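With these hints in hand, go ahead and build the complete structure from the sequences.
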Amino acid sequence: MSLSRKTAVAGVYEHPTRFAPDKSMHQIMAESIRGALADCGLTIKDVDGIFSAGIGMSMMGIVGLCDYLNLTPNYLDGTNMGGSSFVAHTAHAAAAIHAGLCDVAVIVYGSTAASGRFAIGTGGGLGGGDPCHQYEFPYGPTTVGAYGLVAQRHMHEYGTTSEQLAEIAVTMRHHASMNPAAKYRDPITVDDVLSSRIISSPLHLLDCCIISDGGGALVVTSAERAKDLKKKPAYILGTGETARHAARGQRDFLEIAAHQSGKLAFERAGVTHKDIDMAMIYDSFTITVLTTLENLGFCKRGEGGSFVTGGRLRYDGELPINTDGGGLSSNHPGMRGMFLVIEAVKQLRGECGPRQVKDCQIALCHGTGGELGTRHSGATLILSNQ
Amino acid sequence: MADEKDKKRYAKPLPHIDEENRPWWEAAKRHELYIQKCRDCGDLRHHPRALCTNCMSSNTEWVKCSGKGKIYTFTVTNQNGAAGFRDSLPYVLAWVEIDEGLRILTNIVDCPPAQVKIDQRVEVVFDDVTPEVTLVKFRPAA
Chain A
1 MSLSRKTAVA GVYEHPTRFA PDKSMHQIMA ESIRGALADC GLTIKDVDGI
51 FSAGIGMSMM GIVGLCDYLN LTPNYLDGTN MGGSSFVAHT AHAAAAIHAG
101 LCDVAVIVYG STAASGRFAI GTGGGLGGGD PCHQYEFPYG PTTVGAYGLV
151 AQRHMHEYGT TSEQLAEIAV TMRHHASMNP AAKYRDPITV DDVLSSRIIS
201 SPLHLLDCCI ISDGGGALVV TSAERAKDLK KKPAYILGTG ETARHAARGQ
251 RDFLEIAAHQ SGKLAFERAG VTHKDIDMAM IYDSFTITVL TTLENLGFCK
301 RGEGGSFVTG GRLRYDGELP INTDGGGLSS NHPGMRGMFL VIEAVKQLRG
351 ECGPRQVKDC QIALCHGTGG ELGTRHSGAT LILSNQ
Chain B
1 MADEKDKKRY AKPLPHIDEE NRPWWEAAKR HELYIQKCRD CGDLRHHPRA
51 LCTNCMSSNT EWVKCSGKGK IYTFTVTNQN GAAGFRDSLP YVLAWVEIDE
101 GLRILTNIVD CPPAQVKIDQ RVEVVFDDVT PEVTLVKFRP AA
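Top to bottom, those sequences are chains A and B.
So that you can map any letter, position 242 of the first sequence is 242 in my numbering, and since no number is skipped, the others follow by simple counting.
So that you can map any letter, position 77 of the second sequence is 77 in my numbering, and since no number is skipped, the others follow by simple counting.
Bear in mind the hints are in silico, worked out from the structure with no lab data behind them.
There could be a bad hint or two in this list.
Just some of the chain B residues that point at chain A, by a computed CB distance under 7 Å [what the hints assert, rightly or not]:
(1) H16
(2) L93
(3) N107
Note that the structure is predicted; figures quoted are calculated from it, not measured.
Note that beta-carbon positions come from the ideal geometry of N, C-alpha and C, so glycine has one too.
What follows is the structure, encoded as structure tokens:
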């Protein structure tokens, strides 16, 4: 049973804030939902499915969110698999809608990561109660470090250079310069990246995403209903999700979740790599982009270093990615999957102004949650305006 | 005196030891490295768990390791604000592949961070961080 083109993202809203010491995460979420509903012409009374995940939400945070919004929906999904959650929620919402379990799903995220001064990348806070954590956090893994482990291995196996990784950060900044809401908009050079301090080798400060406040929301409904709403629907063609971890001590750390989730999404969507007009690739770090492009199959394993250079990833290049400036320059309020879907939908609608990708008909989003060098989730989503 | 006492207190996080993982930690305390092997299918696994992830058998044996291995990958950590770690920067976090074939997350010690390399031969070293807990770390092989 194919879900392809049965459902669509009908409404999107990216909260414009990048620093909101005066707002709670729940206020940012509510404002984002208001924005996404207005975007497609629905109201809060139409919403019968709610999907959310967050940093700082409690174990029953999805119920607390219903309380805050005074919602009594027919479908609740509080799946938290890290930053990729919202890409996965989009897939889950499509399945629930197609199965008749709800009709109008809202997916939402809000965070005050910057004003709350969360040390997301270097807080050393990877410890928890899971069995795996007991063999990790005594040794001081940081989020940056866990990605540094993968970057170092990639450099060792394939001769990938810091200059090649830096080009990803430079491209994202160039895109941010065309996004009025982006947090950092001044151009940077490869030399700027290389001369920024090393946080955890081989990753420099400018290889790392920024920390901002922010939030956003999506409205997903049936393709049938979406056709009658205000904006051009972004049809959900295919999705995939999975997890990668230490695999009982036998993992190849350069094979990441995207390898499996991407394959599933392409198969289910019935499209190929050459059909993709632009991609939103989770850019927690420059290495995340490089390994994700390899694992999604846009280039061969080991060829990511040369693939990301020469302007290929620019909005006017062969494979435009992260046209909003990404987590590296626009916004990264702790979890970023939400913004992958929002920008992809805007590109498919042709709403991106100076950074608009020409003739954009099919877009791919891939979210990574957690740490590539220890364990992570991956979720892939392929959307089309046709 | 209070200051002196604070300095001596071990500030980094400690593992939660329970019945499922106790043999690993007790072996470390004896300065021995043991990993789990499934008695039914022979699959080796780390970290320890009660059931084999290959065949779900509960029939497990603990196998003594040589303590030798090589660095699969590493990162020199220059920034970590967490208690304990912020005072020991820079430090090396690494996945070490032991000769028995499993990869273990650890620290590389007794070596300037700038000299650490992938594929470098290493040997286990046991760090008695508290009277109860000994951490498995590695240093360049002699």
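Structure-based check of all given hints:
1. With a least beta-carbon distance of about 6 Å to chain A, the hint placing B:H16 at the interface is held under the 7 Å criterion.
2. Because the beta carbon of B:L93 sits about 5 Å from the nearest beta carbon in chain A, less than 7 Å, this interface hint is met.
3. At about 5 Å, the closest approach between the beta carbon of B:N107 and any beta carbon in chain A falls short of 7 Å, and the interface hint on this residue holds.
When held up to the earlier numbered hints, the structure conflicts with none and fits them all.
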